[in-house]
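Peer 1: Chain B is already provided as a structure; the job is to place chains W, P and X on it using the hints.
For reference, the chains in residue letters:
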Amino acid sequence: MLLKRLLEYVGFEPGRLTARWISASEGAKFASTMDEVTEKIKSLGPNTKMRDEIL
Amino acid sequence: MKAKIVNKGQLSGLLDKLAKDYDLVAPVKEETITLFKKISSAQDAFLDYTNSDVSPKGCFLPQSEKIFSYTYTGDSLEIVKPESAKKTVLFGARPCDIKAITTLDPVFEGEKFGDEFYSSKRENTVIIGLSCSKVLSTCFCYAFGGGPCDGTGSDLLFTEIGDKYYVEINTDKGQALVDANSQFFSSENTDQLAKDKEELAKKLAGEFVKKVDLTGVKELLDSDFELAYWDEDPYKKCIGCGTCTYVCPTCHCFDIFDFTTGDITGDRIRCWDSCMYPEYTLMAGGHNPRPTRKERIRNRFMHKLKYHLDRYNMVGCVGCGRCIRKCPVNIDITKIINDLKEVAQNA
Amino acid sequence: MMNLTKQIREQAKKLLEEKKVDLVIGFGQGTELARTTPVFIDSPEGVSALTWGPFCANNLAKYLIDYKNAPGNVAVVVKGCDSRSVIRLLDDNQISRDKIVVIGVPCAGQLEWQKVADEIKPDAALKETVDNGDSFVVKTSTGDHTFNKKDYMLHRCLVCENPNPVIADFTIGEELPVKNYAERFAEVEELEQLGLEEKSAYWDKQFSRCLRCYACRNVCSVCTCALCVFDQMKPMWVSKRTNLSENTVFHITRAFHVAGRCVDCGECDRVCPMDIPIRKLNQKIHKDLKDLFDSPTPGSKQGLLSALGEFSLGDPEEFM
Amino acid sequence: MPNPTALTPYPVTITKIVDETSDVKTFTVEFDDPEIMENFGNKPGQVCMLSVFGEGESTISITSSPTRGKFLEFTVKRVGRLTEVLHQMEVGQKFGVRGPYGNWFPYEAMKGKDLFFVGGGFALAPIRSLIDFALSDQYRSDYGRVEVLYGARSVDDMCFKGDLAERWPKLHNTGIYTTIDRPQDDWKGHVGFVPNYVEEVAPSPKNKVAIIAGPPIMIKFTLPVFAKLGFKDEQIITTLEMRMKCCLGKCGRCNIGSKFVCVDGPVFSQAELKGMPKEY
Numbered sequence: 001m002l003l004k005r006l007l008e009y010v011g012f013e014p015g016r017l018t019a020r021w022i023s024a025s026e027g028a029k030f031a032s033t034m035d036e037v038t039e040k041i042k043s044l045g046p047n048t049k050m051r052d053e054i055l
Numbered sequence: 001m002k003a004k005i006v007n008k009g010q011l012s013g014l015l016d017k018l019a020k021d022y023d024l025v026a027p028v029k030e031e032t033i034t035l036f037k038k039i040s041s042a043q044d045a046f047l048d049y050t051n052s053d054v055s056p057k058g059c060f061l062p063q064s065e066k067i068f069s070y071t072y073t074g075d076s077l078e079i080v081k082p083e084s085a086k087k088t089v090l091f092g093a094r095p096c097d098i099k100a101i102t103t104l105d106p107v108f109e110g111e112k113f114g115d116e117f118y119s120s121k122r123e124n125t126v127i128i129g130l131s132c133s134k135v136l137s138t139c140f141c142y143a144f145g146g147g148p149c150d151g152t153g154s155d156l157l158f159t160e161i162g163d164k165y166y167v168e169i170n171t172d173k174g175q176a177l178v179d180a181n182s183q184f185f186s187s188e189n190t191d192q193l194a195k196d197k198e199e200l201a202k203k204l205a206g207e208f209v210k211k212v213d214l215t216g217v218k219e220l221l222d223s224d225f226e227l228a229y230w231d232e233d234p235y236k237k238c239i240g241c242g243t244c245t246y247v248c249p250t251c252h253c254f255d256i257f258d259f260t261t262g263d264i265t266g267d268r269i270r271c272w273d274s275c276m277y278p279e280y281t282l283m284a285g286g287h288n289p290r291p292t293r294k295e296r297i298r299n300r301f302m303h304k305l306k307y308h309l310d311r312y313n314m315v316g317c318v319g320c321g322r323c324i325r326k327c328p329v330n331i332d333i334t335k336i337i338n339d340l341k342e343v344a345q346n347a
Numbered sequence: 001m002m003n004l005t006k007q008i009r010e011q012a013k014k015l016l017e018e019k020k021v022d023l024v025i026g027f028g029q030g031t032e033l034a035r036t037t038p039v040f041i042d043s044p045e046g047v048s049a050l051t052w053g054p055f056c057a058n059n060l061a062k063y064l065i066d067y068k069n070a071p072g073n074v075a076v077v078v079k080g081c082d083s084r085s086v087i088r089l090l091d092d093n094q095i096s097r098d099k100i101v102v103i104g105v106p107c108a109g110q111l112e113w114q115k116v117a118d119e120i121k122p123d124a125a126l127k128e129t130v131d132n133g134d135s136f137v138v139k140t141s142t143g144d145h146t147f148n149k150k151d152y153m154l155h156r157c158l159v160c161e162n163p164n165p166v167i168a169d170f171t172i173g174e175e176l177p178v179k180n181y182a183e184r185f186a187e188v189e190e191l192e193q194l195g196l197e198e199k200s201a202y203w204d205k206q207f208s209r210c211l212r213c214y215a216c217r218n219v220c221s222v223c224t225c226a227l228c229v230f231d232q233m234k235p236m237w238v239s240k241r242t243n244l245s246e247n248t249v250f251h252i253t254r255a256f257h258v259a260g261r262c263v264d265c266g267e268c269d270r271v272c273p274m275d276i277p278i279r280k281l282n283q284k285i286h287k288d289l290k291d292l293f294d295s296p297t298p299g300s301k302q303g304l305l306s307a308l309g310e311f312s313l314g315d316p317e318e319f320m
Numbered sequence: 001m002p003n004p005t006a007l008t009p010y011p012v013t014i015t016k017i018v019d020e021t022s023d024v025k026t027f028t029v030e031f032d033d034p035e036i037m038e039n040f041g042n043k044p045g046q047v048c049m050l051s052v053f054g055e056g057e058s059t060i061s062i063t064s065s066p067t068r069g070k071f072l073e074f075t076v077k078r079v080g081r082l083t084e085v086l087h088q089m090e091v092g093q094k095f096g097v098r099g100p101y102g103n104w105f106p107y108e109a110m111k112g113k114d115l116f117f118v119g120g121g122f123a124l125a126p127i128r129s130l131i132d133f134a135l136s137d138q139y140r141s142d143y144g145r146v147e148v149l150y151g152a153r154s155v156d157d158m159c160f161k162g163d164l165a166e167r168w169p170k171l172h173n174t175g176i177y178t179t180i181d182r183p184q185d186d187w188k189g190h191v192g193f194v195p196n197y198v199e200e201v202a203p204s205p206k207n208k209v210a211i212i213a214g215p216p217i218m219i220k221f222t223l224p225v226f227a228k229l230g231f232k233d234e235q236i237i238t239t240l241e242m243r244m245k246c247c248l249g250k251c252g253r254c255n256i257g258s259k260f261v262c263v264d265g266p267v268f269s270q271a272e273l274k275g276m277p278k279e280y
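Chains as they are written, first to last, in our numbering: chain B, 1 to 55; chain W, 1 to 347; chain P, 1 to 320; chain X, 1 to 280.
Next up, chain B with everything else stripped away, as it sits in the complex:
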């Protein structure tokens, strides 16, 4: 939670970090969470932060 807020604070889009508590027995939850995350990342588009042209 702190890291999420910190990342947002330095300018990362909030959706780029997701932390979920998923037990080894919760396969369905894992799958749906992953779907959600991919969906979210896709809608955010390519990350522009920390993509500086390296000199």
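Keep in mind that the hints were calculated from the coordinates and are not lab data.
Nothing here was measured: the structure is a model prediction, and the numbers come from that model.
Hints should not be assumed to be uniformly reliable.
Chain P is faced by these chain B residues, among others (derived, beta-carbon under 8 Å) [what the hints assert, rightly or not]:
no.: 1; residue: Met1
no.: 2; residue: Leu6
no.: 3; residue: Leu7
no.: 4; residue: Val10
no.: 5; residue: Lys42
no.: 6; residue: Leu44
The list that follows gives simulated cross-link-like pairs (lysine to aspartate or glutamate, DMTMM-like), each with its CA atoms no further than 25 Å apart [claimed, not checked]:
no.: 7; chain 1: B; residue 1: Lys40; chain 2: B; residue 2: Glu8
no.: 8; chain 1: W; residue 1: Lys134; chain 2: P; residue 2: Asp144
no.: 9; chain 1: W; residue 1: Lys335; chain 2: P; residue 2: Asp123
no.: 10; chain 1: X; residue 1: Lys274; chain 2: W; residue 2: Asp310
no.: 11; chain 1: X; residue 1: Lys278; chain 2: W; residue 2: Asp231
no.: 12; chain 1: P; residue 1: Lys115; chain 2: W; residue 2: Glu30
no.: 13; chain 1: W; residue 1: Lys81; chain 2: X; residue 2: Asp142
no.: 14; chain 1: P; residue 1: Lys290; chain 2: B; residue 2: Glu39
no.: 15; chain 1: P; residue 1: Lys287; chain 2: P; residue 2: Glu161
no.: 16; chain 1: W; residue 1: Lys335; chain 2: P; residue 2: Glu112
no.: 17; chain 1: B; residue 1: Lys4; chain 2: P; residue 2: Glu192
no.: 18; chain 1: P; residue 1: Lys150; chain 2: P; residue 2: Asp92
no.: 19; chain 1: X; residue 1: Lys77; chain 2: W; residue 2: Asp75
no.: 20; chain 1: P; residue 1: Lys121; chain 2: W; residue 2: Asp48
no.: 21; chain 1: X; residue 1: Lys113; chain 2: X; residue 2: Glu90
Quick reminder that beta carbons are idealized off the backbone N, C-alpha and C, glycines included.
Peer 2: Just chains W, P and X now, with coordinates in the frame of chain B:
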């Protein structure tokens, strides 16, 4: 010596022209910090500074520099070298920092091996100095033969006098730049301004606060490596950061390593390194010849005051005072010099 | 402040004479008028080097780590903020309580030395400093100067949480009232209000200046790892190459690594040679810790678990 | 022509790998551009920077003598990141080499003299180039008797077994002494530490140069033995090791006092070492 005049009103015109013809590197103010950066127009330059927070040594030895890129699979290897240095003008560097560059020259150009990267930048850069108009409490360039209006190492030296800059032409390179931009330079009244500059130099020379006396210091360091002094104060308070070495205009230590950019591609990088870091001398087997801050502090000051002198016949310090100002715990090289002098006298 | 200096010296002398400690770590006059430097006193005769005033910004608790394996006991002079470091180090089992003696000095605020130095003639010598409540008077050989605390103090002092040491074996001088000259998290809130792009641009500009001198890390009293992740060669998590990406990773990692342990002493901010507002990152975490877990500043009480090291059923969560 | 100022390595291909011990391998390499080798001009005792791409560079001494052919040999102990990757490489794969750097053994000044080599463990590598140089057909007549005293912890830790047991003893006017630290069933030779063995063998200092390389602790105890035998400091030569990055005398870290090990060393006489700070 040849000299010219630039009216202050003409300066921005000159800088704009230089920015067009060359890569122009000049002091820039970012919030509270003055540093040297490439600028595209005269209005980005910030000349009302006394001593920049970071020296312009990065013009010749950038903090990070690509040596080459590689594509390597184990069975095949391809190396691509970066483009060579562009024509550059370094404008507005202070005399101490320019002297520092002449201190770096023998390291990178002399002895057995040269250094392609440094030399090509050095050759392609015209250095335009800017005399100081003020002396800070941490300044002590006079102690090593420098001065606030000293032109050593510069191709051109600008000195601000009233509404004009008095321009001394110190090298052919400088002359060529003046010739190519003659519309900005005039020759009237240079004799008077030469006198004014002398006056200014004299006045500023009297304003130094730090008293530095090197008498006997070199001899002491020559004679005794294991001085009890190194067990005292400085190393206890040192926190082992690299600030002093990174702001120092004469520190030239670097690291070389690979920065992978893909599975089989990467860049070989050279970047500044600091003798204050423990892993600086740490060998793969685990042995470290300078294991504690004591050895590292000693090495840093021995390097400045003895080793550089032994090797290149120049003191490895130009008295810019940055390390004094920036040190988090106020380790002061002038105090160390004076302490050592005292040790020498009492020996 | 002459009186406090005298009392610190006396206390140090007594401790050394009675062999209660082998070493006293305190503040001594620096090489600039408005600066002090850490001094390490090991004999009763040496105590005259100790001083006190509005230029004692360093957090000396950091040095306790250097002496944790030393045979003798060590005394250290701490301000309110530094004392939180002492507690943190004790709670992290970095140092043992019976080997340290804490000389606490309620602190009337610390001035930014460079700002002060700009106003005083370079060749002046310091005579005395006087605390006048909302200002300090700095008496020098070339005249007296008054510095308003509001304008000349370090930012961390403007928002000081507690000027009085929270742990001390000996307290020098009177306890001082908490006096804030600014809202503690005002700067953080201001930044929070910005849009994502603006935030990003702001920090990119700051981080791109970073020299990676690691002064912020090395000065930090809760940075106690034997091998820092930034020095580790294998795997090389963060490259030495200085560019915006690597610098950003460095700063986020550093800030997060001390989350829940950072005592908000503000040393990282003070030592940065490039004036990167490092503390603003830590303060953001402090603010969130307060908002989310209602946790007090680490080190303000002994035995306080780190907010990230403690779990209670009432903790808010966003990850189930 | 090699251009050392560029910090750019030249590609080499591994042609042979010898497993010396469990963690030491000797790599034989050839430059992809044969012209580089023609102009390499390496002298016994010099070092190279080995580039393993993705890991960086490391200073490794050239184990082979230039008299042995148009190739270079590097004996590498697996101690760190780079050497670990190097150890995983196979014949036919490539890495980079730049050099040669540093000074060399004063083989000119050694002419007409007997040579007594002392090596411990893996550190026979830096002096092996000079042994082979002095034993080469071309220069054999320049030197007197060549003796090598070599010690390792155990039989398994012995490097260059082929040289020590087969190649060198068969050559004219050589003396090879080997020892291991502790007795072992399959070892019929001498048992004991190197310094003691030197004392037993007792080389005479007359017209002789001692060349020592080994772990610091071995060197520390061997030097007094030579002093006792009457060797002067000038007659004792050793090599040093420091962390290096550029090998050009610029990156700063390998200094011992005013000397840079990479350009002023790695070969130093005991007389020179006495004038330098003990910071290695």
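Peer 1: Starting from the hint list further up, note which numbers the structure goes against and sort them upward.
Peer 2: Hints 5, 6, 13, 14, 18, 21 not satisfied by this model.
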